[in-house]
Amino acid sequence: MAKRKKLVLVGNGMAGVHVVEHILKLAPDAYEITIFGKEPHPNYNRILLSSVLAGDTDMKEIVLNDWDWYKQNNIQLHAGHEVTGIDPDERKVYTDSGLSASYDELILATGSEAFMLPLPGADKEGVIAFRDMEDCEAMIDASKKYRKAAVIGGGLLGLEAARGLLNLGMEVDVVHIFDHLMERQLDPPASRMLKRELEKQGMRFWMEKQTERIVGRSRASGLRFKDGSSLEVDLVVMAVGIKPRMQLAKASGLQINRGIVVDDFMATSLPHVYAVGECAEHRGTVYGLVAPHREQGAVLAKRLCEVETDPYTGSVVSTQLKVSGVDVFSAGVFRDEPELQSIKVQDEWRGIYKKVLLRENRIVGGVLFGDVSSGPALLRWIRNQEEMTETIHGELAGTPSTAAAPGASVQAMADSEQVCDCNGVCKGEIVEAIREKGLTSLSEVTKWTKAGASCGGCKPLVGQILQLEQGDAYDPAEQQKTPMCSCTTLSRDEVVEAIREKGLTMVKEVMNVLGWEQPEGCPSCRPALNYYLGLIWPEKYEDERESRIVNEQRHANIQNDGTYSVVPRMYGGVTSPAELRRIAEVAEKYQVRMVKVTGGQRLDLLGVKKDDLPKIWDELGMPSGHAYAKAVRTVKTCVGADFCRFGTQDSIQMGIDIEKKYENLYTPHKVKMAVSACPRNCAESGIKDLGVVGVEGGWELYIGGNGGTHLRSADFLCKVESQQEVLDITGAYLQFYRETANYGERTSHWVERIGVEPIKQAVVDDENNRRHLLERLDKTLQRREDPWKADAESSDVRQVWYEEKQVSVQS
Amino acid sequence: MNALFIGTVSEIPERGGKVVRIGELELAVFRLSDGSFRAVENRCPHRGGPLSEGVVSGQMVYCPLHEWKIDLTDGKVQEPDFGCVQTYPVEVEGDRIRIHLDGMKATG
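Residue numbers (full-length UniProt numbering), protein chains in the order written: chain S, 1 to 811; chain X, 1 to 108.
Next up, chain S with everything else stripped away, as it sits in the complex:
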């Protein structure tokens, strides 16, 4: 085999890694690949940072290629090392940390950085950009301490940052220098509608305001504008634009202009050095969007693998705002000009605006607001410079009844046309996957082809392709419905109803009768069915241990190395010297790796071997804290009236009472509670599934709070006077949640889905209903037992579920 050439990529972002992915497909053995990345993460999807900030997505979920991917493809990755020098004669690159690497071919994909306005005070603490994971984390942290955020910049990035900050519970003011928002993508009417919509969501706007300085001592405390007015803030996010990162190219003598200048094959002015993505300038344009980078990358990859390719001649770009509840799409030319014809639909009642611009009857651009379903088609027409026809007009302007048959334009698409620009998936691949794998739902298509898995903008189009393939079998209502899991097409409600109606009493029976695709289910539906059956038949259902996931099977949390962690129950977070001594002795005897205090005020023994679990429980002699389960977990308390100068109520006793009353109760997801004795909220009652706050003469109850990735402050439920009312409303609330939530749905999502008012009605206002809820809850409470005690006492269970077998051998 010929010796592999050395390929070095500088920049571990989406554009550069995409070229590498492409090369691995075209010529897997051609190159020995080395990648340098400045950020200490594997390659991630930067477009989805706004969803991370919005709390919809976890940081882990936006990783595109994890560490294993680099390993599996024999790619040498240096994450956290910045390349600072290129020696074109020696063909070597050098990093700030002293590394170096030789190359035969070098790709620069150094991306861009946030443009920071050179304002006085811009270097103060509390002034950040919105560009990478670190910025995202900084905003999430700031939202925990501060209330008022200002975003400078009313463009795409600024508005997405602002929406994220609103989700984090901050007050948000957006400062924009121009008289309308997203002026680089929207015309004035669309921009006005956007502003109105965002104001409804709680954003405040300061239009035509130029910031003069950021004031404050060491930390930013306000903005001063040129017109003399000012604004108080705790956090300033600058989102005025990005600029190509070119220091390296500049220092190495490459030709640069607004970006690194490249030709139609992405070659720079130095031989064997190429550039793609946000750092590259092609025919005078620097693109800040993913789709053009993909197109550039495809050309470069082919070039490097010596596969014939057409030159890259530039891209038509489209923009979509990723802000919940606001649909905005823009592509090509969007401003009215005298020589252009336009077609406009402006429906303020429905909040819909559509505009398509024509040059000599050919489609050159457009803006959609409120209904962006024709976005992908519009982009296609612009790319193909399609002529305006009756059919297209009907599809754009018509109401559903007069519109041309849906799918007509999809049918006309060539197989090679790209549908998902984020992941580079074309129509042919989608059609093939649907046919070969027999896919029937949008979520399946997304799972197999990755089309629609990133920004989601192409989902309507993917749906139309699916619809075209399925013909009459396609049922739009069916597609709207969320199935319980991939083993069935039935929703949670349909399954629960069938269990009641048909009197189904076993997991296997449910799957049989309801025609599960996988006859024994999966880790999503089996635990859910087990839970629903227990809920519906509290007095007779026998819990099915093999349908629980490992944590609930072993009553301890499995850790990444296969050991477990054990959290004994400590009611209200209170323990005693004797209990502490016992915990310490057990921890020593079984050599646990760490003893740690949890966020819920309990002690966690980490690193326990599976076969030691029953012995530890036996020796602890304390009940299970259920730290592993979808169940009532801890009730966190402050020290309250007993000790605190401000405490108005005995929060510790209240916490202990709630925990003793409802411990061992399984729920759709974990339930964390807290009791604070005054509104200072030392027990963090404002971010719990149920929070109780003691006030003079009574207690306030709060619901649906969450301190996790989806930070949500709890909603006020009611104020009551007696301790008994606190216990009763808590119980009724728990039972109402148990009966109406989807398995795996936290109260924060549940409250948002069904609303605070219906919950208040069911558990506070309607006393009759409250009593019935409590009666049903009681039936479940009567049957509960401590799982640790039960398992530790049964030698059969210990042997089957916990003990390992040793078989000795001779070699």
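Since the hints were made in silico from the structure, they are not lab data.
For each residue, glycine too, the CB sits at the ideal point set by N, CA and C.
Among the hints, erroneous ones may be present.
As the list claims (entries may be wrong) - List time: in silico DSSO-like cross-link candidates among lysine-lysine, alpha-carbon distance up to 27 Å:
id	chain 1	residue 1	chain 2	residue 2
1	S	447	X	69
2	S	450	X	69
3	S	805	X	76
4	S	60	X	69
5	S	805	X	69
6	X	76	S	71
7	S	660	S	670
8	X	69	S	670
9	S	6	S	92
10	S	25	X	76
11	X	69	S	609
12	X	76	S	447
13	S	437	X	76
14	X	69	S	25
15	S	71	X	69
16	S	60	X	76
17	S	447	S	60
18	S	508	X	76
Stated by the list, open to error - Reference excerpt, derived from the structure (chain X facing chain S, CB under 10 Å, subset only):
id	residue
19	20
20	80
21	90
Given the coordinates of chain S, assemble chain X onto it according to the supplied hints.
Just chain X, lined up with the frame of chain S:
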């Protein structure tokens, strides 16, 4: 090839797995709902998760750490993930379970 006695049927949970250590080797032995048994190396190819602790569905097991789905009969990881685990033939004689391993001899 040697057949090694590793235990009795009732020691393995129904639709569940058990860890069996043979010298250096760590196996996961499963009892499926049809009453048959499977044995595989107890390590998910992804992050080394203990497959013995996974949810068993038909002849598939889902790794307890990140839910990779593995066919216990041929050891293959199911799409969209990929890889495979070593499988070992199992036979049941009455109540006794035997495993076939190459190059190892039982002592007891």
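Outcome of the hint check:
no. : hint            : verdict
1   : 447(S) / 69(X)  : 15 Å, holds
2   : 450(S) / 69(X)  : 19 Å, holds
3   : 805(S) / 76(X)  : 25 Å, holds
4   : 60(S) / 69(X)   : 20 Å, holds
5   : 805(S) / 69(X)  : 25 Å, holds
6   : 76(X) / 71(S)   : 20 Å, holds
7   : 660(S) / 670(S) : 16 Å, holds
8   : 69(X) / 670(S)  : 25 Å, holds
9   : 6(S) / 92(S)    : 11 Å, holds
10  : 25(S) / 76(X)   : 23 Å, holds
11  : 69(X) / 609(S)  : 24 Å, holds
12  : 76(X) / 447(S)  : 19 Å, holds
13  : 437(S) / 76(X)  : 18 Å, holds
14  : 69(X) / 25(S)   : 25 Å, holds
15  : 71(S) / 69(X)   : 21 Å, holds
16  : 60(S) / 76(X)   : 26 Å, holds
17  : 447(S) / 60(S)  : 17 Å, holds
18  : 508(S) / 76(X)  : 25 Å, holds
19  : 20              : 4 Å, holds
20  : 80              : 7 Å, holds
21  : 90              : 13 Å, violated
When the structure is compared with the earlier hints, a violation turns up for hint 21 alone.
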